[in-house]
Each structure stands twice: as structure tokens, then as C-alpha cells.
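K.L.:
Each chain is listed here by its residues.
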Amino acid sequence: MKFGNTFKRRKMNWIDDDLLRKALSFLWSDKLAAAVIASITSYFVSKKSIKSNGYQERIKSLCLGIEAVEELGEEYWDEPGKIEHFERKIVSKLQIINDDISELNSRLLKRNDVDQKLINFRQSITGGLFASKNKIAEPGRINQIRESASRLRKSIKLCKPGKYF
Amino acid sequence: MDKKIIKISEDFTKFPSGRYKTDGKYSGEFFREDYLLPSLKEYDQVTVDIDGVRGYGSSFLEEAFGGIVRGKHFTENELKEKLVIMCSKNFGIYKVEIWQYIQEAQNELDR
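Here the protein sequences come in this chain order: Y and Z. Be aware that the first sequence starts at 252, since it is given in the working numbering, and climbs by one per residue. Be aware that the second sequence starts at 274, since it is given in the working numbering, and climbs by one per residue.
These aren't lab readings, by the way, just hints derived from the structure by calculation. Everything numeric in this text was worked out from a predicted model, so none of it was measured. The beta-carbon is built from N, C-alpha and C at its ideal position, and this holds for glycine as well. Mixed in with the good hints there might be a few duds.
Which residues of chain Y face chain Z? A partial, calculated answer using Cβ under 10 Å [to be verified]:
no.: 1; residue: Gln307
no.: 2; residue: Glu330
no.: 3; residue: Lys333
no.: 4; residue: His336
no.: 5; residue: Arg339
no.: 6; residue: Ile341
no.: 7; residue: Ile347
no.: 8; residue: Asp350
no.: 9; residue: Leu369
no.: 10; residue: Arg373
no.: 11; residue: Gly379
no.: 12; residue: Leu380
no.: 13; residue: Ala382
no.: 14; residue: Ser383
no.: 15; residue: Ile387
If we take Cβ atoms under 10 Å as the criterion, some of the chain Z residues that face chain Y in the derived model are [claimed, not checked]:
no.: 16; residue: Arg292
no.: 17; residue: Thr295
no.: 18; residue: Tyr329
Please build the complete structure, drawing on both the sequences and the hints.
P.N.:
Quick look at the structure:
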């Protein structure tokens with residue numbers, strides 16, 4: 252009986268060693284190494300693509316917002332007199348653009364001069380006699396608005412998302 | 274050193290708008306004449322907290338701050354000593370704009 256048990260234990264040890272050896276050799280096989288590299292690569296590629304899509308979406312929506320204020324500004328300066336509902340809309344929409352830009356700014360690389368371009372855009376729309384009773388139509392401003400809006404959009408598009416975007 | 278803090282959204286309005294007094298009681302000229310200048314004359318340092326409003330038009334900011342120098346009440350250098358603009362990150366752009374108007378008004382006077 253004693254001899255039989257010892258034999259069985261030895262046999263079991265031999266089987267375990269064999270399994271272990273096989274498993275180790277599989278772990279080091281080329282196929283597994285390739286699979287590991289492929290899955291790591293695909294993880295980083297998909298992560299980067301999600302990040303890039305999110306960034307592009309935000310830039311796109313920011314540029315659409317700028318376009319909307321640009322149109323409001325053009326309409327506003329095309330008419331004489333104070334147009335209160337336009338003024339409120341313009342100021343609050345500009346504030347939203349400002350919030351978006353300052354939130355983006357903290358996560359951007361190569362910010363260029365986005366802030367200064369935003370100031371120029373704001374000035375072209377809300378400068379002069381904006382919200383004033385003496386406001387007159389200033390068609391000359393319309394070109395300024397268009398130019399400053401286009402420069403702002405261009406400047407935003409030139410930025411690159413940073414590490415923490 | 275006597276100091277004063279003006280919080281625009283609480284002491285003045287959350288809806289600043291317009292350039293001249295004729296544009297309403299929340300205009301840039303109103304703010305300058307009734308709030309900013311008296312404080313600048315009375316105190317050594319005036320901090321203007323610009324946070325908490327619904328947004329500023331450039332005409333309001335230019336009249337309120339550029340107008341101090343244009344009206345020859347204080348020079349740009351004096352304002353650099355006396356005036357502090359306080360704001361959060363989101364309102365940082367207005368701070369830059371304010372100092373640009375002060376500088377431009379000084380440049381105009383110096384010409």
C-alpha cells in the first residue's frame with residue numbers, strides 16, 4: 252500500500268512538471284508574444300482615436316458657435332439703433348465661447364494667440380457704440396467681424412490637444 | 274494701506290451694458306463715475322472683482338477703464354499701482370482686455 256501511494260505521488264509530480272513546462276513554452280511562443288503586442292497596440296490606437304474624435308467634435312462645435320455670433324453681429328451692425336434682444340444674445344453667446352475657449356486652453360498645446368484673436372472678435376462686435384442709444388448702422392464693421400471671426404477659427408484649428416485632453 | 278474691493282456682480286449689476294450714462298444705469302460710464310473713480314481717489318488700492326456677471330461688452334469695459342486714463346484722472350502707471358483686477362480663469366480674457374484699453378488710452382494721450 253505504502254509503495255503504491257509513493258508511486259502515485261511521483262507520477263502526479265511528473266505530470267505537474269510536464270504541464271508546467273508546456274505552459275511555459277507556450278507563454279514564450281512567438282504567437283503569444285505577437286498577440287500581446289497586437290492587443291496593446293490596438294488599445295492605444297483606439298484610445299488615441301477616441302481622444303482625437305472628441306477633440307475634433309469640440310473644435311467643430313466651437314467654430315459653429317463663433318459662426319452663429321458672427322451672423323448675429325453682422326445683422327446687429329447692419330441696422331441702426333439699439334436692439335436689446337440682440338445685445339443680450341450676443342453677449343451671452345460670446346461668454347459661452349469664452350468659457351469653451353478657456354476650458355480648452357488649459358488642455359491645449361501650441362495655443363498660438365487664441366486669446367488675442369478672441370479679444371479682436373469681441374471688439375469687432377461689442378466695441379464702439381454697442382448697446383448704446385446712439386448706435387448707428389456701421390456696415391464697415393461687418394468686414395471686421397468676418398475677418399476677426401475667420402482669424403479666430405483658424406487660430407483655434409491650429410491648436411493641438413495636450414496630453415491631458 | 275487702505276484697500277477697497279468692488280465686486281461688480283454684487284455692488285453694481287450682473288448685467289453690465291452700454292457705454293454712456295444715457296445708455297442706462299448699468300453702463301460703463303456710470304460704473305466709472307459712480308463706483309470706480311470715487312474708490313480710486315479715496316483708497317490706496319482698489320480691487321475690482323469682475324466675476325459673476327453674464328458677460329461684458331467691449332464698449333462697457335473700454336468706457337469704464339479706458340475712460341479713467343482718457344479723462345486724465347489717473348495715468349496707466351498710477352493704475353498699475355492702485356488697481357487690481359480680480360477674476361477666475363474663465364474671466365481672464367476680460368482682465369487682459371481691460372489692461373489693453375488702459376494702455377491704448379495712455380498711448381493716445383501720449384501722442
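K.L.:
It remains to establish, for every hint, whether it holds in the given structure.
P.N.:
Hint-by-hint comparison with the structure:
{"no.": "1", "hint": "Gln307", "verdict": "violated, 23 Å"}
{"no.": "2", "hint": "Glu330", "verdict": "violated, 17 Å"}
{"no.": "3", "hint": "Lys333", "verdict": "holds, 8 Å"}
{"no.": "4", "hint": "His336", "verdict": "violated, 12 Å"}
{"no.": "5", "hint": "Arg339", "verdict": "holds, 8 Å"}
{"no.": "6", "hint": "Ile341", "verdict": "holds, 8 Å"}
{"no.": "7", "hint": "Ile347", "verdict": "holds, 9 Å"}
{"no.": "8", "hint": "Asp350", "verdict": "holds, 5 Å"}
{"no.": "9", "hint": "Leu369", "verdict": "holds, 6 Å"}
{"no.": "10", "hint": "Arg373", "verdict": "holds, 5 Å"}
{"no.": "11", "hint": "Gly379", "verdict": "holds, 6 Å"}
{"no.": "12", "hint": "Leu380", "verdict": "holds, 7 Å"}
{"no.": "13", "hint": "Ala382", "verdict": "holds, 4 Å"}
{"no.": "14", "hint": "Ser383", "verdict": "holds, 5 Å"}
{"no.": "15", "hint": "Ile387", "verdict": "violated, 13 Å"}
{"no.": "16", "hint": "Arg292", "verdict": "holds, 5 Å"}
{"no.": "17", "hint": "Thr295", "verdict": "holds, 6 Å"}
{"no.": "18", "hint": "Tyr329", "verdict": "holds, 7 Å"}
When the structure is compared with the earlier hints, violations turn up for hints 1, 2, 4, 15 and for no others.
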